[in-house]
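Dock chain B against chain A, hints included.
Chains as they are written, first to last, in the working numbering: chain A, 1 to 137; chain B, 1 to 129.
Quick caveat, the hints were computed from the structure, so don't treat them as lab data.
Built from N, CA and C at the ideal position, the CB exists for glycine as well.
Any given hint could turn out to be false.
Said to hold, decoys possible - EDC-like cross-link-like pairs, simulated, lysine to aspartate or glutamate; straight-line CA separation at most 20 Å:
| no. | chain 1 | residue 1 | chain 2 | residue 2 |
| --- | --- | --- | --- | --- |
| 1 | B | Lys-2 | B | Glu-57 |
| 2 | B | Lys-65 | A | Asp-133 |
| 3 | A | Lys-34 | B | Asp-90 |
| 4 | B | Lys-65 | B | Asp-126 |
Stated by the list, open to error - Which residues of chain B face chain A? A partial, calculated answer using Cβ under 10 Å:
| no. | residue |
| --- | --- |
| 5 | Lys-66 |
| 6 | Tyr-70 |
| 7 | Met-77 |
| 8 | Leu-87 |
| 9 | Val-94 |
| 10 | Thr-99 |
| 11 | Val-107 |
| 12 | Leu-110 |
| 13 | Ala-111 |
| 14 | Val-115 |
| 15 | Val-116 |
| 16 | Val-127 |
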Amino acid sequence: MMTTCRWKLLTGSCMITIGVLLLLICTWLPQFRKIVLLSGVLIPMGLVVIVLSLITTRYGKKTEFVEDERTLNIRAHTYMKAFSFSLLVVCVLFILVWLKLLVIDAGMALLVVFLTMGLSSSLLFWYYYRQGDINKN
Amino acid sequence: MKPRYLYQIIIGLVLIVSGFVVIPVTNGESFFPAGLEGAGFALLVNGIIRHRRYGDEPDSDERSKKIGAYGLSYAWMTGLLFMTALLWLDYADVLVLGTRNALAASVLVLALSAVVYQAWLFRKGDVGI
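Bound conformation, chain A alone (with noise of 0.2 Å):
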């Protein structure tokens, strides 16, 4: 079983290779400077994750938060609603964008469904917690 610690070295490791490897490719792709600015972020988010996770095992506290039931409960019962209400915005988008009802282009969209799927977890999982447990009702 990896520890936190390695799932995040690895994951850090991930980004500044998949940076380096898309600036050696570039060249090949469209839009040169996007994909520059796409790895000029990656890799110092790779070295930023690995940094930050060595500083935490070497100096930081030992935290007393165990993951028990309940916890996993509500973690999986947050994403299944998120995933309902992700599923439910996108699927309204496709019907207004198939429509003609509102004009949107890709990107834009695809935000929207980003942004709703981070914030609606975000505000289940508070909510969840600050209630206690999951209603089984």
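Here is chain B on its own, set in the frame of chain A:
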């Protein structure tokens, strides 16, 4: 028969009949009858299959609810990763998709991954934590 299954079968039949009634009204130029018939057929088949499988027994227990929740959680994560990749590919002009295609792809990935994860977890027996 459980009332829920009976309602599903009745609503399914009503939708199918409505679909056939609407065809001459729209002169076959609209997708609306096909949508009605599709939804009706799905409800009808679902009601019949569930009645045959479960009858008057409870159709979900603690384990199946847990598997359902975890399957949808994994599907949410997959959808988020897919949309992030799609967003970046669109931004970098590597993959240029129309709005309709991008949203349709997102719906497909979300729905199919949920089905696949739930089937996989049911096959596995339980959620391994």
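| Among all the numbered hints in the text so far, which are the ones the structure does not match? | Of the numbered hints, 14, 15 do not hold.
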